[in-house]
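Asker: Produce the entire structure from the sequences given, and follow the hints as far as they go.
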Amino acid sequence: MKPYITLSQLNGLVREVISEAIKPDIWVIAEISQIKMAGSGHWFIDLVEKEREVITAKLSGVIWNSTYNELRMKFGADLVNLLKNGNKVLFSGTVGFHEVYGLKIVISDIDPSVTLGELELKRMETIQRLTAEGYIGKNAQLPLPMVLQRIAVISSASAAGFGDFMNHTQQNRYGYSVWVKLFPSLMQGEGVEQELIGRLREIEAQKHLFDAVVIIRGGGSKLDLDAFNNYHIAVAIAQCSLPVLTGIGHQQDETVADLVAHTSLKTPTAVAEYILQTFLHFESAMLSLFNKVSKLSVTLLKQHHFGLQTLRQSLAIQSRQEISRQKQQLNLLLQRLPRAAKRLLQTKQAQLQHTGQTIDLFNVEKLLKRGFTITRMNGKALKSAATAQHGQLISTQFADGTVNSRVEGKQ
Numbered sequence: 000m001k002p003y004i005t006l007s008q009l010n011g012l013v014r015e016v017i018s019e020a021i022k023p024d025i026w027v028i029a030e031i032s033q034i035k036m037a038g039s040g041h042w043f044i045d046l047v048e049k050e051r052e053v054i055t056a057k058l059s060g061v062i063w064n065s066t067y068n069e070l071r072m073k074f075g076a077d078l079v080n081l082l083k084n085g086n087k088v089l090f091s092g093t094v095g096f097h098e099v100y101g102l103k104i105v106i107s108d109i110d111p112s113v114t115l116g117e118l119e120l121k122r123m124e125t126i127q128r129l130t131a132e133g134y135i136g137k138n139a140q141l142p143l144p145m146v147l148q149r150i151a152v153i154s155s156a157s158a159a160g161f162g163d164f165m166n167h168t169q170q171n172r173y174g175y176s177v178w179v180k181l182f183p184s185l186m187q188g189e190g191v192e193q194e195l196i197g198r199l200r201e202i203e204a205q206k207h208l209f210d211a212v213v214i215i216r217g218g219g220s221k222l223d224l225d226a227f228n229n230y231h232i233a234v235a236i237a238q239c240s241l242p243v244l245t246g247i248g249h250q251q252d253e254t255v256a257d258l259v260a261h262t263s264l265k266t267p268t269a270v271a272e273y274i275l276q277t278f279l280h281f282e283s284a285m286l287s288l289f290n291k292v293s294k295l296s297v298t299l300l301k302q303h304h305f306g307l308q309t310l311r312q313s314l315a316i317q318s319r320q321e322i323s324r325q326k327q328q329l330n331l332l333l334q335r336l337p338r339a340a341k342r343l344l345q346t347k348q349a350q351l352q353h354t355g356q357t358i359d360l361f362n363v364e365k366l367l368k369r370g371f372t373i374t375r376m377n378g379k380a381l382k383s384a385a386t387a388q389h390g391q392l393i394s395t396q397f398a399d400g401t402v403n404s405r406v407e408g409k410q
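With numbering that gives the first Met the number 0 as the guide, the letters of the sequence shown map in order to residues 0 to 410.
Rather than coming from a laboratory, the hints here were simulated on the basis of the structure.
Some hints here could point you the wrong way.
Claimed, not checked - Straight-line Cα separation of at most 27 Å, BS3-like style, residue types lysine-lysine; simulated pairs: (1) K73 x K83; (2) K180 x K265; (3) K121 x K137; (4) K22 x K73; (5) K121 x K87.
Answerer: Here it is in structure tokens:
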């Protein structure tokens with residue numbers, strides 16, 4: 000029989016070789032492809048290295064429960080954001096080989112600098128992509144209502160930032176009424192993208208109820224805020240048909256969500272104050288307009304009063320002048336009236352005399368005295384010889400009497 004060793008002996012040799020060849024606590028850069036917590040509290044991680052999206056190396060890792068608690072004390076809430084699928088992480092660990100479980104690296108410490116650098120690089124790439132696709136500034140082109148009174152807020156109901164926002168808007172010193180409706184959403188960690196985009200879609204379906212959308216959270220580290228560098232969240236904000244205001248709670252760094260929003264402010268309280276300022280500006284504009292209208296009204300009243308005074312004086316002068324003119328004309332007429340009446344009387348007397356003379360010319364008695372006669376037949380004046388019939392009686396009237404005769408013939 001040929002010489003041989005058992006599998007456990009072989010694995011033992013591998014373990015010894017690896018233990019001697021690789022020093023403990025070596026620093027390694029790798030990408031987390033998958034991470035999950037076991038019931039024991041230990042965290043098991045699949046680590047990979049990629050080149051052009053192709054996996055070129057792979058190794059399993061573990062963070063024991065006790066080590067995880069130490070790291071959580073060191074990094075706080077950032078630890079969850081560091082240990083996310085897809086993050087590139089710089090960590091310290093000891094490579095070990097177990098005869099049953101194989102090769103594994105036991106992680107003991109993490110340096111966040113590489114992760115933060117990778118996140119910043121991704122952020123810049125996202126900004127470049129959004130710029131190329133025309134999303135930067137798209138939402139900012141929407142007109143902002145003069146008064147932001149109906150607000151759709153996307154935030155966590157338990158977030159301190161949301162509480163600050165509500166206190167500042169609902170208990171404002173001006174007494175303005177701001178109507179707020181909360182659309183609850185995760186604001187960090189896994190699931191932010193899906194929930195926040197879902198809330199924006201809900202608001203879009205009832206956009207007629209709101210003047211603007213407000214996205215707020217109570218600050219945090221760069222890792223906490225990384226969700227707001229998400230490309231898909233940024234696109235949803237840019238495409239929103241309502242103006243979007245952000246108050247992510249950061250003091251120095253600007254997230255991608257801030258860049259695509261209509262208006263970006265530092266904190267939730269700053270957003271609340273910005274909203275109240277729209278009330279103040281509107282009220283100030285209305286007061287200014289009221290004052291202008293009042294001044295203009297006073298000026299117009301003065302002008303009309305002066306015009307009426309001038310018109311009254313002018314009417315008084317014109318009335319006096321017209322009365323004087325009419326009085327002069329009346330006096331002139333009164334002076335002319337006797338002469339005119341006398342002339343008229345003389346004219347009428349002459350006309351009457353002429354008429355009397357004309358009447359006298361046709362007076363029958365005077366005509367008869369001048370030698371004229373009137374011949375009648377059957378009591379009617381005989382105007383033509385042709386109408387006289389032979390043997391008919393006729394009467395002829397003279398000035399001094401009447402002669403009756405009979406027609407014997409006509410010539």
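Asker: What are the numbers of the hints the structure violates, in ascending order?
Answerer: none
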